[in-house]
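Colleague: Position chains A, D, H, F and Z with the ligands relative to chain L; hints supplied.
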Amino acid sequence: MEIVLSAGIGILAASGVWLMLRPRTFQVALGLSLLSYAVNLFIFAMGRLTVGAPPVLKTGPETVSVDDPVPQALVLTALVISFALTALFLVVLLAARGVTGNDHVDGREPHHAEPTPEKPHP
Amino acid sequence: MNGPDLPAWAAWIVVVLALGGAGFSLTGALGLIRLKTFYERVHAPTLGATLGAFLILAGSMLLLSLVEGHIVLRDALIGLFITLTTPVTMLLLARAAAHRDRTEKNPGAPPEP
Amino acid sequence: MSSNALLAAAAILPFAGSVLAGALPSRARTPAAVLAGLVTLASLGCILALTPQLSGGNTVVHAVEWLPSLGVNLVLRLDGLAWLFCVLVLAIGALVVLYARYYMAAADPVPRLYSYFLAFVGAMLGIVLSGNLIQLVLFWELTSIVSFLLIGYWYDNAAARDGARMSLTITAAGGLCLLVGTILIGRIVGSYDLDAVLASGDTIRNSPLYLPALVLVLMGALTKSAQFPFHIWLPRAMAAPTPISAYLHSATMVKAGIFLMIRLWPVLSGTEQWYWIVGSAGMATLLVGSWSAIFQHDLKGLLAYSTISHLGLITLLLGLNSPLAVVAAIFHTVNHATFKASLFMAVGIIDHETGTRDMRRLSGLWRAMPYTGTLAMVAAAAMAGVPLLNGFLSKEMFLSEAVDNMGDHPIHIALPVLATLASAFTMLYSLRFIRQTFFGPPPHDLPETPHEPVRWMRIPIELLVLTCVAIGLVPNLTIGPALGRAVAAVFGADAPTYSLAIWHGFNLPLVLSMIALGGGVLLYVLFGKRIDTNPRGGPWLMDRLDGGWLFERSMTGLTRGARALELWFGAERLQPQLRILFLAALLAALAAGVARGLDLFAPGRLTPFDPAFALMWIVGAACAVGAAERAKYHRLSATIFVGGAGLVSSLTFLWLSAPDLAVTQILVEIVTTVMLLLGLRWLPKRDAAIPAPPSERARARRRRIIDLCIAAFAGLGLAGLAYAVMTRPAGDGIARWFVEEAYPQAGGRNVVNVLLVDFRAFDTLGEISVLGIVGLTVFALLRRFRPAPDSLERPKQQHSHDAYDRAREGRKPGDTAADALLVPRVVMTWLFPFIILLSLHLFLRGHDLPGGGFAAGIALTIAFILQYMACGAQWVEERLRIQPIAWIGLGLLIAAGAGAASWLFGRPFLTAYFAYWELPLLGKVPAASALVFDLGIMVLVVGASALMLVALAHQSLRRTRSAEAEAEPAAEETA
Amino acid sequence: MTAPLLSGPGAVLWSDHLIVLPIVLPIAVAGAMFLMDERRHRLKAALSLATVLAMLAAALVLVARVTQAPEVYRLGDWAAPYGIVLVADRLSAMMLALAGVLGLSALVFSFARWSRAGPRFHGLFLLLLMGVNGAFLTGDVFNLFVFFEVMLAASYGLVLHGSGETRIRAGLGYIAVNLVASLFFLVGVSLIYGTMGTLNMADLARRLASPPAEAALFEVGCAVLGVAFLIKCSAWPLGFWLPTTYAAATAPAAAVLAILSKVGVYVVIRLSLLLFGAGTSEGFGQTWILVTGLATIAFGTVGILAARELTRAAGYAVMISSGTVLAALGTGSAGALSGALYYLVGSTFAAAALFLLAEILQRGRDPADATQPVFADEYRDPFDDAGTTEIGRAIPATVAILGSGFLLCTLMLAGIPPLAGFVGKLAMFSGLASGTMTAPAWWLIAVLTLSSLGTLIPLVRLGIFSLWVPHDDPPPVLRSPEFASLTVLLAACVALALWAGPALAFTEATVRWLSQPQDYVRAVLDAGAGKGATSKGSDRGAARSTAGAAS
Amino acid sequence: MSTLLPHPFLSAGLTLMWLVLNAPPSPGSIVLALLIGLIVPAVMRALRPAPVRVRRPGLAVRLLFTVLYDMLRSNLDVAAIILGLRRGERRTGFVSIPLDMTSSFGLSLLSIILTATPGTLWVQYDSHTGRLLMHLIDSTDSAGWVRRVKDRYERPLMEIFA
Amino acid sequence: MSASTVLDWGLGLAQGMLVLAMALAAWRMLRGPRAQDRILGLDTLYLNGMLAIVVHGMRTGSGLYFEAALILGMIGFTATVALAKFLMQGEVIQ
Ligand code: NA
Ligand code: NA
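Chains as they are written, first to last, in the numbering used here: chain L, 1 to 122; chain A, 1 to 113; chain D, 1 to 975; chain H, 1 to 551; chain F, 1 to 162; chain Z, 1 to 94.
Extracted from the complex, chain L is given alone in its bound form (with noise of 0.2 Å):
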């Protein structure tokens, strides 16, 4: 399982940053999305892998052994901002894109001049 969790998470990881050095806004916000599931995982295979022991108590006095609830605390924080982030830099590409004409990262085509007040985009 590990050797399996730990390629699919090289694969994401190797996936979103090729797409977070893609030119276009929109690959870099998929990009973003991968990158953050391998981030996720990555931080969630810290605790190390079980099956099947959800760190869930059961009704009992007894301590059981469960699966480390910290890495799992962490994904939770991580998801939800990193979630909160992929929506801000959404609205930044799409408001980017309105205000430039253009979706490159940099807010112009690589050979296109510098925008100034005379000369706008395109």
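Treat the hints with care, as some may be off.
Straight-line distance between alpha carbons at most 35 Å, and here's what the computed DSBU-like set of lysine-lysine pairs gives [claimed, not checked]: (1) F:Lys150 - D:Lys924; (2) D:Lys796 - D:Lys812; (3) D:Lys685 - A:Lys105; (4) D:Lys632 - D:Lys685; (5) D:Lys924 - A:Lys36; (6) A:Lys36 - D:Lys685; (7) A:Lys105 - D:Lys924; (8) A:Lys105 - A:Lys36; (9) L:Lys58 - D:Lys924; (10) D:Lys796 - A:Lys105; (11) D:Lys685 - D:Lys529; (12) A:Lys36 - F:Lys150; (13) F:Lys150 - A:Lys105; (14) D:Lys812 - A:Lys105; (15) D:Lys796 - D:Lys632; (16) D:Lys796 - D:Lys685; (17) D:Lys632 - A:Lys105.
Coverage of chain Z stretches by chain A, computed from C-beta distances (three or more under 8 Å per stretch; other residues unrestricted) [claimed, not checked]: (18) 12-19; (19) 25-37; (20) 40-54; (21) 64-72; (22) 81-88.
Going by beta-carbon spacing under 7 Å, a handful of chain H positions derived as facing chain D [unchecked claim]: (23) His17; (24) Gly31; (25) Pro81; (26) Asn143; (27) Phe147; (28) Ser163; (29) Leu456; (30) Ala495; (31) Trp499; (32) Ala500.
Source of the hints: derived by calculation from the structure; they are not laboratory data.
As the structure is a computational prediction, the values presented were derived from the model and not from experiment.
We put the CB at the ideal spot given by N, CA and C, even for glycine.
Modeller: Frame of chain L, contents of chains A, D, H, F and Z with the ligands only:
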């Protein structure tokens, strides 16, 4: 992983239900691959959403009722809601596909109603 | 008044006066002058009152603790040398105050000038009175800054701006070097205290840090005293009002450098390095200054280069490593201050009364202003070193030192020769100044008719010229005691014996002096006319070397170079920046791992392999790679694939014992997909690549390969680290405690939820704040959202639906769309209460079973969104009014309030309360303050996520409405 | 010594809660403001002002209190390392006070016009300060992440505040870079948890005292974490986002953002001295911090030399200031570090003041101003129109005031006497020059000296251009809130120089305290030792039931 | 009654769902379930959906079983088609069905029945002509399908929700 | 064969079959050719994923996974409905 503790008869029933459900679901998914046109393919996943799901959920209810020691019906809710909601996706998809095929004048585009 | 108080008063008064003068109204010329004069005189009075206490080489010291841990205290230390400079600074300052009152026009904001002036006086006094080297540096830089303001006083004038900037740049740079040099001295000596430093001459000279310290200190001194090649700022500083030039370039600013060299002479001089650096700087400056002065047509320019040359002379004297030369240097410093100040003032009068300072236009002024002319002539004679004037005495001493220094080394023969030559040059330009300005035919075509200035304006010059004469005639009576005290202060018990007589007998120096005077006259007779008509615009041999031009060029070059470096070492664009970030993280991890010999594949524990899990991850990986591949042109497909990858992640959490995570991730996944789609509406379809030049294409290819490598290594790295950690046993961490104590101490069975709402509730509070903030930011952005023109159109599907409707009898636009949504509408509407129930269910069970406030909130949001999707924004908002921002606020208040409630029970913030309450009929029910906290989370999550989704959804509505709004006026116009 | 709150059950002083006030108060006030109508400007402004003043007061009281002993506050009454603790020691209290002053002046400045350039400014502003305060106070690495995110999220909002093309474009890059940094942060923190099994800083330090099983993996985690922090510090080559972003942001936003990169610096100081000051990983990353710091100063200087606009120059000044502190930390000299801490405070004030000044000087030339809402509907609230009108009396002698202010900023940033910038550099130089002088010390002295000059030259050029060269634009107008705000910042710089002795004594003591990590560890882990531990579960339960009974 | 319980079937459904979710029932969960059944439908008052009246609950139950049976049969049919177990020619295509029902609730149920039954797919309904376009995975007997839809599903539905 | 072996193997096999179904759905999703096929594939992926969760709950004999399945069953369709509506009308919410 500690599996559940069941009497043999129940185990067999549960397994048969689960395998049957999974079989139908798998067949549905297979249909998604094998069927030729989109409109045919839309039918396929319904196998999993209906009989496949019902069998698995029935197995689950039986198993959990035995494990938890009281009648467990909650899985039926899943069955109910997927029956109600899956068609919404399907018909919207079919409608969208019909529109696209008509505007693109594809062969096999649906006629007007 | 005690001597300490007098000293402190002398140092503080000018600054206090500066503040007061600055506060005066801008037309208050006379009050400002009176204030400045009084302050200066009062300060002078304080210093003079302290004179008796300096007898016998005593010093007056007043120390105030400032930075004790650094050994830097504010120490005012008055000794003979400081006394001499103080008197110079204050006496000439007082004269300048008087002079400036009449020189400055009423229209100028004169109080500001006096304010700066007084600050400058204070800074100068600070330097000369410093008993601590760091304090000296502090005031040193202060003079640079205030002189910047003074030179730039007429800042509307470009020359003033440039001059100010140049002087500040050069002198402040020198000051920075001086600071480092001082710190090195402090390190050698172990103290910045002047007395301690002066007592450690041998230690300093024998230290390995001597040379760097010397060079750095001299950088300060030489830049300030305008030594070659740093002299270039001084002529440009002539853009200042003339009274300021008179002050800065006679007694103060430039003399600070001289003062410093004299001050540290006992500890820094006496070495070969000192001799060569200081001596050659002085010699070069002397020659370059006097040579250049010859060729100036502007009177102030002439005085400026003359100043440079005299400063060179003084520096050269200091460089000779001879105590007698130092005496000469001190003496010449005083002399130069008197005659140069008077000359500047005279030139100011000429400028003031004639409107020009160009010697080629001026002529025959003697007739119009004989009195001023006489004064100027005496001062110029002093400058030229004519006998019976003070300049002659110090120049005699200089030539005598030059001769004495010849000694054994053949190269030293050059010294008296060059000294004589420079003296001849001085004679030449002094003569030229007097001859061209005051004699010759009557002037014509001057901007103003020349006449004598007002009485008060002449008084400062009269006093200064009187001083020149008095010192020249009876040096022992006038300057003698002061010079003696200063020399004693520098040398202490080892003071050299010297004589201030006019006549030392007929000796070699006298001969040289006469040769210089005669040579100067001869040169003027031979070349005077040629200089006037010099076509090359600058001094012969040096016309190509325009310091100002060089400076401007180097500043521009500096900026240009910096821009090039910024481009080279920086990255403006996002992609390279991100590339660097990923590379940096990769390299950092690699470096740390390699340094410790990390083995990623150490054998360890493994969880039993399940092929289904592997198959599921094949799906996940395919989705991820698919998304990466399609995202550029097929955004919708890529969004779908990301959804697939997200589902696989959720299932993984579930499989590996994290149902809470799975629930949350699924919900977030759904909302994110809807949000991406809402956004996609405003990103028009991208059909083809934007055409790029062919040269770009090859580069793009290369970049893609690099990115692919970075991505691959990032993936490998993260996978490797994950594998390495997962296969190693977990240590004895804090996790076990949470599992054991979640129920007994926090009353919850779902340990993850207990962590979120109790053990680590503080994290959660922060997390929901993030969510709220982002919701508001999204709202703010969308409120001003301006869609790109190409996405303003309604989507083409809707157009064709409407066209279909229009083409058919009995249908109106929108019917087809309504028919298509007929069924979804019914289903989604009736599902609404059930999803609310689901949300409540998730909320209430969270503490004991998977669920919780966040999941409940998102589920509720989805319930709302389904209504929006089915029925449209308008329909929903006519029925349900949700005020998301208020929900955000409420959520924050509930959560924070739940935390703060524990204060009432004397417990820290967020201390949770739980108990089982016995209720009638219901029996035992759990009551936990964590539930209230969780409620806050839920409320906020609903508010924030609904705000984001609704704000996005509203854009279409706004588009429709604005289209309608635009259509209406257009219709009115046509009607 | 620990506070009474933590030592005996039930013995609680209200003043013990002071430490959590800078975090709870802004949340509560922001929450309340979200419930109010957006148009109630004055009320909101008054509330914000009161909150920020209270935060500043709390910070100052803490500064005074922690000189006796650090304070540890157990959130949720859970003891470290299980619960999250807030730790106020000299360093965090000092940073808290810095944030308070900066927040106060930025807030007051915004009253003139910027607070109405977009919705919900005050709430975002308070939450930003809340994030900053939390980051300074927390003693838990994951909680640090959360507060970083709060601070960053609010900073995204503030960078975008006012909208407009420049801000949106800059904001996009800023967000992208910081999201990557946040992901690195998460990877680093989780690796630390995965190898050490704890998140509490003190506990980490304690565990590092004996060689941990997975030192290599732990250090890899720290390296990744370090990259994340260096991105936030805007260290070269990770900080190219800063000048563009800060130049694009509205002035009060930029001014308060000046503290953000300092949070990164703070964390680097905190963690490297706590975790790598001694023990198995002693000296980890120190060379890198030094090299990065030096490179950052150099690049910042190049940038400021190249700057065409004041705002950009101010951004690079922020970079230089961060780089200076990092480099001083990297030299390992206590004297240099204490000087650098002093310098950090002053240079942050000065950079913030420069942002504010630049805005006043460049006002009217700001293309982002031109942005108007596009749609005429409910999104255009009445206060949108009020956004252009200004509040406060126009101050006479504007040019003179701006000129003096500009001069003071220049002197501060270039480290030229007589202001705190000079004292800071002097203290650093003295620190470096004392004891055995190593090559890094020489390097730092040289680089800092050149950087001083490199700061002076362009700032003088830009200042002359803005203030002295005659322009066609209408003369700048200074409103009373803006004047007050500038006065606060510059007076702080002057005060810092006047009372440099006590201030340096404080930072010296701070560095002494930081170099004794075992004291920190003891203070945190002994705070109410055992109360959260299993053996004392009944004790806690009893305490809770009393609380329950009281209710 | 109608003000307190505007949607009694909904209330019952919600109460039941809560009880099913929180089995085994305790006094507390029963009270909570009743409260939820009472309160949550209030949101429907805000949404104001078209009113739904169930006339013949018995017929509804019978219809339910009919549908379940048809679903089972269709599942087997379609599975056979997918797995290639069915011999003979299979034609796939669209069929247009004139519907008499106009109630949106009824139409929705019909659409759910048809779509949730493998082999039939609700593609498009035209409210003006009242015609439904349906896709059949096996349209060999399209006329039979038209009858089946109208007789087996549409008529009972119209009776239930008349 | 003991009951637990039967369960273990049988449910494991069922789960494997469901994951295989997921893989087939993903294949359709990735393959297309049209957007509607991809959405259909995603919907099927969700469905089979949900069933896999139920079977996982059976394998572990635990009811803790139920909510995840219920959420997928009740509101999992939101994402695919949004996609379908986007396809049909060009925007998700008017
Ligand atoms: Na785990
Ligand atoms: Na069907």
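Colleague: Indicate, hint by hint, whether the structure satisfies it.
Modeller: Results of checking the hints against the structure:
1. F:Lys150 - D:Lys924: 55 Å, violated
2. D:Lys796 - D:Lys812: 17 Å, holds
3. D:Lys685 - A:Lys105: 21 Å, holds
4. D:Lys632 - D:Lys685: The given pair, whose Cα atoms are some 10 Å apart, holds under the 35 Å limit.
5. D:Lys924 - A:Lys36: With Cα atoms ~60 Å apart, Lys924 of chain D and Lys36 of chain A exceed 35 Å; violated.
6. A:Lys36 - D:Lys685: 28 Å, holds
7. A:Lys105 - D:Lys924: 67 Å, violated
8. A:Lys105 - A:Lys36: Judged against 35 Å, a Cα distance of about 18 Å means the pair holds.
9. L:Lys58 - D:Lys924: 18 Å, holds
10. D:Lys796 - A:Lys105: 16 Å, holds
11. D:Lys685 - D:Lys529: Roughly 82 Å separates the two Cα atoms, so the pair is violated.
12. A:Lys36 - F:Lys150: Given that 35 Å is the threshold and the Cα spacing comes to 29 Å, the pair holds.
13. F:Lys150 - A:Lys105: 31 Å, holds
14. D:Lys812 - A:Lys105: Holds. Lys812 of chain D to Lys105 of chain A sits at ~24 Å (cutoff 35 Å).
15. D:Lys796 - D:Lys632: Judged against 35 Å, a Cα distance of about 21 Å means the pair holds.
16. D:Lys796 - D:Lys685: 12 Å, holds
17. D:Lys632 - A:Lys105: This hinted pair holds, its Cα atoms lying about 27 Å apart.
18. 12-19: holds (count 5)
19. 25-37: Since three or more residues must qualify, the claim that chain A covers the region 25-37 of chain Z holds, with 6 doing so at under 8 Å.
20. 40-54: With 9 residues in contact (Cβ-Cβ under 8 Å with chain A), the coverage given for the region 40-54 of chain Z holds.
21. 64-72: holds (count 3)
22. 81-88: holds (count 5)
23. His17: 6 Å, holds
24. Gly31: Given a least distance of 3 Å, the restraint on Gly31 of chain H holds.
25. Pro81: 5 Å, holds
26. Asn143: Holds: closest Cβ of chain D sits about 6 Å from Asn143 of chain H, inside 7 Å.
27. Phe147: 6 Å, holds
28. Ser163: 4 Å, holds
29. Leu456: The hint holds - Leu456 of chain H has a Cβ within 7 Å of chain D, the shortest such distance being about 6 Å.
30. Ala495: 14 Å, violated
31. Trp499: 9 Å, violated
32. Ala500: 5 Å, holds
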